Amino acid sequence: QQPVQSPQAVILREGEDAVINCSSSKALYSVHWYRQKHGEAPVFLMILLKGGEQKGHDKISASFNEKKQQSSLYLTASQLSYSGTYFCGTEDSGYSTLTFGKGTMLLVSP
Amino acid sequence: NAGVTQTPKFRILKIGQSMTLQCTQDMNHNYMYWYRQDPGMGLKLIYYSVGAGITDKGEVPNGYNVSRSTTEDFPLRLELAAPSQTSVYFCASSYPRDASYGYTFGSGTRLTVV
Chain A
18 QQPVQSPQAV
28 ILREGEDAVI
38 NCSSSKALYS
48 VHWYRQKHGE
58 APVFLMILLK
68 GGEQKGHDKI
78 SASFNEKKQQ
88 SSLYLTASQL
98 SYSGTYFCGT
108 EDSGYSTLTF
118 GKGTMLLVSP
Chain B
42 NAGVTQTPKF
52 RILKIGQSMT
62 LQCTQDMNHN
72 YMYWYRQDPG
82 MGLKLIYYSV
92 GAGITDKGEV
102 PNGYNVSRST
112 TEDFPLRLEL
122 AAPSQTSVYF
132 CASSYPRDAS
142 YGYTFGSGTR
152 LTVV
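Heads up: the protein sequence lines correspond to chains A and B, in order. 18 is the number of the first residue of the first sequence in this note's numbering; add one for each residue after it. 42 is the number of the first residue of the second sequence in this note's numbering; add one for each residue after it.
The hints are simulated quantities; they were obtained by calculation from the structure and are not laboratory data. Nothing here was measured: the structure is a model prediction, and the numbers come from that model. Incorrect hints may appear among the rest.
What the hints assert, rightly or not - Here are the computed lysine to any residue pairs in the SDA-like style, where the Cα-Cα straight-line distance is at most 25 angstroms:
id, chain 1, residue 1, chain 2, residue 2
1, A, K67, B, G83
2, A, K85, B, G83
3, B, K50, A, T102
4, B, K98, A, S113
Claimed, not checked - Rough simulated footprint, nothing fancy, chain B against chain A, three-plus residues with beta-carbon under 8 angstroms:
id, segment
5, 46-57
6, 114-127
Just so it is clear, CB atoms sit at the ideal spot from N, CA and C, and this is done for glycine as well.
Based on the provided sequences and hints, a complete structural model is requested.
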């Protein structure tokens, strides 16, 4: 089952914050987050493991609520370089493959 | 260190033609994957491999075949191309149980079937 991402699109001004959510109807082992710029390949941002802690680097962080099977990606003080489409990928066991959501398009304007 | 290399970058096929999309990785990753990406649909898994000689179907395998004779290479074969196979194809690799790096994707192959 494909995870559900929300919102579908976000438009921000530089310096504003955004939250992107990813929900699954299945119990999850991990959640991955990727960013894809137009015409390029997806690039890995971070992974949240079941039982793990909230992660982050620079001004991008994420959390994983195991009870709700939901992950959230937090982008603070957004920069122009944050523009792109963000995908979550979910894994339901330690040796399974990723199922990706449909993506959230983020546009940061000056 | 090149990562994951895909060729070709672009290709136009006529209906009924066949072709092989090439994928090579130099990171000694055991796991390799083929995804297709259609506008607004995310990435759908076509086939994957957990090691040389082992392959398995993903969510959308019909019309495709794969082989994995070496750790480095994971080609995707399209037989009897159809317009529904027009898409962007991404190859990816990962190291199992490595929670640090996630999937590494190739730059993609944009395929149009006319």
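Hints, one by one, checked against the model:
no. : hint           : verdict
1   : A/K67 x B/G83  : 23 angstroms, holds
2   : A/K85 x B/G83  : 22 angstroms, holds
3   : B/K50 x A/T102 : 21 angstroms, holds
4   : B/K98 x A/S113 : 12 angstroms, holds
5   : 46-57          : holds (count 4)
6   : 114-127        : holds (count 7)
The structure agrees with every numbered hint stated previously.
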